[in-house]
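Student: Please model the entire structure based on the sequences and the hints provided.
Residue numbers (our numbering), protein chains in the order written: chain A, 1 to 552; chain B, 1 to 316.
Certain hints may be false.
Cβ pair distances, simulated, as ranges [unchecked claim]:
#1 B:V138 to A:A18: 15 to 25 Å
#2 A:G398 to B:L8: 55 to 65 Å
#3 B:G142 to A:S353: 50 to 60 Å
Hints were generated in silico from the structure; no laboratory data involved.
Here a beta-carbon is modelled for each residue, glycine too, at the ideal position from N, C-alpha and C.
Each chain, written out:
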Amino acid sequence: MENLVEIRDLRVEATTDAGRRIEIIKGVDLDVAPGEIVALIGESGSGKTTIALTIMGYARPGCRISSGSITVAGKDMMTLSERQRAHVRGLEVSYVPQSAAAAFNPSKRIIDQVVEVTRIHRLMPLAQAREKAISLFRALSLPNPEEIGNRYPHQVSGGQLQRLAAAMALIADPKLVIFDEPTTALDVTTQIEVLRAFKAVMKKSGIAGVYVSHDLAVVAQIADRIVVLRGGDVQEVGSTADILSDAKHPYTRELLSAFEPKSRGESVVVAAREHAPLLKVNGLIAGYGPIQADGLPLVKAVQEASLSLERGRNLGIIGESGCGKSTLARSIAGILPASAGQLTLDGRELARSARQRSREQLRELQIVFQHADTSLNPAKTIEEILGRPLKFYHGMKGKVRDARIDALLDMVRLPKTLRSRTPAELSGGQKQRVNFARALAAEPKLIVCDEITSALDTVVAAAVIDLLKEMQRELSLSYIFISHDLSVVEAICDEIVVMYNGRKVEAITPAISKIPQHPYSKLLFSSVPKLDPGWLDGLERDPELVKTYVHG
Amino acid sequence: MRTYVLGLITNRLGSSALTLLIVSFAVFFATAMLPGDTATILLGQAATPEAVAGLRAAMHLDEPAFLRFGRWLIGLLQGDLGTSYVNNLPVAQLIGARFVNTMRLAGIVTLFAVPLSLTLGITAAMFRGSVYDRIVTVLTIGIISVPEFMIATSAVLLFSVYLKWLPALSFTSDVTSFWQVLKIYAMPVFTLTFVVSAQMIRMTRAAVIDTINTPYVEAAILKGASRWRAVLLHALPNAVGPIANAIALSLSYLVGGVIIVETIFNYPGVAKLMVDGVSTRDLPLIQSCAIIFCVGYLALITFADIVAILANPRVR
Numbered sequence: 001m002e003n004l005v006e007i008r009d010l011r012v013e014a015t016t017d018a019g020r021r022i023e024i025i026k027g028v029d030l031d032v033a034p035g036e037i038v039a040l041i042g043e044s045g046s047g048k049t050t051i052a053l054t055i056m057g058y059a060r061p062g063c064r065i066s067s068g069s070i071t072v073a074g075k076d077m078m079t080l081s082e083r084q085r086a087h088v089r090g091l092e093v094s095y096v097p098q099s100a101a102a103a104f105n106p107s108k109r110i111i112d113q114v115v116e117v118t119r120i121h122r123l124m125p126l127a128q129a130r131e132k133a134i135s136l137f138r139a140l141s142l143p144n145p146e147e148i149g150n151r152y153p154h155q156v157s158g159g160q161l162q163r164l165a166a167a168m169a170l171i172a173d174p175k176l177v178i179f180d181e182p183t184t185a186l187d188v189t190t191q192i193e194v195l196r197a198f199k200a201v202m203k204k205s206g207i208a209g210v211y212v213s214h215d216l217a218v219v220a221q222i223a224d225r226i227v228v229l230r231g232g233d234v235q236e237v238g239s240t241a242d243i244l245s246d247a248k249h250p251y252t253r254e255l256l257s258a259f260e261p262k263s264r265g266e267s268v269v270v271a272a273r274e275h276a277p278l279l280k281v282n283g284l285i286a287g288y289g290p291i292q293a294d295g296l297p298l299v300k301a302v303q304e305a306s307l308s309l310e311r312g313r314n315l316g317i318i319g320e321s322g323c324g325k326s327t328l329a330r331s332i333a334g335i336l337p338a339s340a341g342q343l344t345l346d347g348r349e350l351a352r353s354a355r356q357r358s359r360e361q362l363r364e365l366q367i368v369f370q371h372a373d374t375s376l377n378p379a380k381t382i383e384e385i386l387g388r389p390l391k392f393y394h395g396m397k398g399k400v401r402d403a404r405i406d407a408l409l410d411m412v413r414l415p416k417t418l419r420s421r422t423p424a425e426l427s428g429g430q431k432q433r434v435n436f437a438r439a440l441a442a443e444p445k446l447i448v449c450d451e452i453t454s455a456l457d458t459v460v461a462a463a464v465i466d467l468l469k470e471m472q473r474e475l476s477l478s479y480i481f482i483s484h485d486l487s488v489v490e491a492i493c494d495e496i497v498v499m500y501n502g503r504k505v506e507a508i509t510p511a512i513s514k515i516p517q518h519p520y521s522k523l524l525f526s527s528v529p530k531l532d533p534g535w536l537d538g539l540e541r542d543p544e545l546v547k548t549y550v551h552g
Numbered sequence: 001m002r003t004y005v006l007g008l009i010t011n012r013l014g015s016s017a018l019t020l021l022i023v024s025f026a027v028f029f030a031t032a033m034l035p036g037d038t039a040t041i042l043l044g045q046a047a048t049p050e051a052v053a054g055l056r057a058a059m060h061l062d063e064p065a066f067l068r069f070g071r072w073l074i075g076l077l078q079g080d081l082g083t084s085y086v087n088n089l090p091v092a093q094l095i096g097a098r099f100v101n102t103m104r105l106a107g108i109v110t111l112f113a114v115p116l117s118l119t120l121g122i123t124a125a126m127f128r129g130s131v132y133d134r135i136v137t138v139l140t141i142g143i144i145s146v147p148e149f150m151i152a153t154s155a156v157l158l159f160s161v162y163l164k165w166l167p168a169l170s171f172t173s174d175v176t177s178f179w180q181v182l183k184i185y186a187m188p189v190f191t192l193t194f195v196v197s198a199q200m201i202r203m204t205r206a207a208v209i210d211t212i213n214t215p216y217v218e219a220a221i222l223k224g225a226s227r228w229r230a231v232l233l234h235a236l237p238n239a240v241g242p243i244a245n246a247i248a249l250s251l252s253y254l255v256g257g258v259i260i261v262e263t264i265f266n267y268p269g270v271a272k273l274m275v276d277g278v279s280t281r282d283l284p285l286i287q288s289c290a291i292i293f294c295v296g297y298l299a300l301i302t303f304a305d306i307v308a309i310l311a312n313p314r315v316r
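Tutor: Written as structure tokens, this is what we have:
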């Protein structure tokens with residue numbers, strides 16, 4: 001059988017800001033048979049999206065397909081004119097973007113955007129296109145299929161938008177659909193519904209797919225074949241079962257090992273713990289908006305949260321977007337002063353606002369933010385970034401400070417040569433290490449980590465987690481680790497708090513029992529994709545539970 | 001949702017009214033602080049102090065400034081712009097014909113400048129980095145940098161002195177044919193179009209480029225949309241807010257800022273009237289002109305804001 005897509009020796013060049021040309025795709029071959037779903041997997045910068053987009057004869061601004069051949073349904077995309085390529089796009093090959101929230105035009109109604117492909121290519125009358133769109137909405141199990149199209153993109157949820165984007169891609173019955181990380185921006189409980197909808201539609205219509213993702217577990221559920229990419233090169237190609245069970249390439253094994261359950265391990269610290277808790281939070285309420293008559297804010301993002309953390313132990317807070325976990329972190333740190341509740345650090349009362357805390361208290365409790373990109377001042381060198389807390393908290397100057405900066409860089413496994421660089425000259429993982437070193441510089445007792453691994457690739461994130469554990473052994477730190485990713489939290493925390501809708505629903509101690517009791521925690525834990533390809537099909541969810549807790 | 005929008009718009013109109021009041025206050029006291037007064041200027045240097053005092057009393061100039069301001073404001077609210085100190089004519093009558101002239105010139109310039117700027121701005125954004133874009137950019141920046149009297153006098157030199165195609169002055173009274181209208185307006189319109197377009201082109205280009213770089217425009221291209229379709233149907237509607245504001249800001253210049261052009265071409269507009277008023281300390285006239293400029297400016301800005309509000313479905 002002839003392949004639907006044949007890519008041979010594809011090379012793509014990018015022009016850097018400095019005007020230099022670098023090859024980002026280095027001679028890639030790729031085949032997709034009709035009806036087959038091929039996954040492109042790799043970390044950020046591996047070129048997976050770039051390759052997928054070349055199938056549509058498209059390169060992002062600043063990039064250029066320099067050589068190779070791309071044959072789609074017998075047409076060589078390289079030799080076609082721009083107008084002829086436009087005729088393939090949407091009609092034969094269509095695209096589901098990573099963030100449907102960004103890919104829908106905010107000023108136009110959804111239905112108009114969904115049927116636009118049929119208008120551009122003059123496929124069918126408008127009324128017929130609308131009917132078809134509604135039947136696709138139904139097939140993708142969207143609620144209220146007759147009406148949902150008349151809304152604007154900001155009026156529907158993220159999970160619904162992602163399915164609407166799939167409807168937009170399927171309206172012209174293409175031969176191939178490119179999915180570009182279509183569920184990455186979604187919560188795990190929502191992701192399942194979207195994945196199921198995608199899988200059902202693709203299977204029914206026999207459309208081929210190219211599924212771009214960094215998440216092996218998600219890909220395992222939907223792909224027939226997996227292509228592992230790194231740095232613009234194919235590392236390994238194989239059927240899903242082969243890759244999962246019998247990976248040949250070391251890089252693939254590294255990706256797979258990130259999924260192996262990791263135990264917390266260190267119970268030595270636990271034994272030596274003292275009686276007084278390090279941090280105690282009692283009935284904390286925090287939120288946004290104008291203060292109401294009862295002295296509380298209009299939107300309460302955190303409602304009556306109570307936590308307690310003992311010295312040398314770690315507390316994980318998990319929950320989905322909007323559950324209030326980041327707000328909780330910010331009010332513990334005093335950035336967003338809580339409206340009610342008590343905070344105690346090391347036996348002493350902690351003021352709600354960071355402004356009213358003593359310098360010593362500020363030093364003892366540090367926070368590390370998710371995006372190292374935005375939390376490191378781009379105009380300062382690493383030396384200045386790390387030197388500031390040393391001077392502020394410890395009054396260090398001159399050679400003493402220099403020596404300490406070196407020691408800190410050494411601690412987070414960064415070479416001393418990075419001292420004079422600015423954050424823009426570092427990789428994502430390096431920036432997050434600097435971000436963490438800045439918190440360490442204060443010599444705190446407690447570090448609040450707000451989603452610090454979420455923006456990192458799996459392998460890099462695993463290394464950062466290892467670093468955190470090591471620092472804990474050496475410096476007897478405690479962490480409050482906030483994440484939406486259960487596996488990360490399990491890897492490092494002694495106790496896990498599950499939050500839903502601003503409330504703490506359950507506290508789980510993995511050492512005693514890993515089985516959640518609260519229905520929402522059960523739903524959340526069971527929604528984390530597993531490497532087993534049959535996981536999605538075998539997963540059974542209580543529809544009542546889904547209705548109560550999943551709003552995607 | 002509808003009431004929310006109405007609330008927003010009422011809010012904008014309310015703050016415009018407040019701005020107007022503050023401006024009228026500022027204008028009144030700024031003119032009151034000018035050295036010398038109408039009485040001395042009218043009577044000349046040789047006037048006796050008694051004559052000056054008498055004239056002041058007759059013109060209520062000896063009353064406290066606050067009282068005069070209150071009197072003027074009440075008159076203004078009743079539609080009475082006051083009486084000119086200099087020739088005792090109602091200010092409304094003095095301004096009337098001039099105002100029509102100013103609006104006519106502004107209208108014609110708008111008709112030319114807005115479509116021209118939008119076309120150039122949008123196309124420059126579409127072909128960003130191309131030779132065409134660079135030419136447009138160099139020309140617009142060049143024009144922003146050249147003062148308007150330079151453009152105006154160069155135009156006079158070229159078209160009136162050397163080529164003798166157009167009259168150097170714009171007397172609007174002796175117009176008999178459409179051809180003459182064209183000839184009279186050609187140079188002022190040409191100069192002003194240059195002056196106001198440059199800013200609009202730059203702002204339109206920037207706003208459209210901002211929206212062209214969004215994922216939804218990429219998504220439209222990947223749906224098979226042509227470049228034109230992607231820009232006009234997807235990028236442009238999301239750039240309406242900033243573009244409307246840029247246009248309003250540029251056009252507001254046509255209401256009060258055209259004094260140089262009016263002077264060079266001797267065009268009988270309001271701006272020139274105001275400058276004449278300043279030299280004779282004709283307070284009612286100056287104040288009325290300033291209020292008219294302010295109203296024009298606020299009307300344009302408020303209109304642009306309302307357009308931006310209505311163009312955004314998230315607010316609407």
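Student: Indicate whether the distance between the beta carbons of V138 of chain B and A18 of chain A respects the range 15 to 25 Å.
Tutor: holds (24 Å)
Student: Mind checking the hinted window 50 to 60 Å against the Cβ distance between G142 of chain B and S353 of chain A?
Tutor: holds (54 Å)
Student: Per the hint of 55 to 65 Å, is the separation of the Cβ atoms of G398 of chain A and L8 of chain B within bounds?
Tutor: holds (57 Å)
Hint violations for this structure: none, all hints satisfied.
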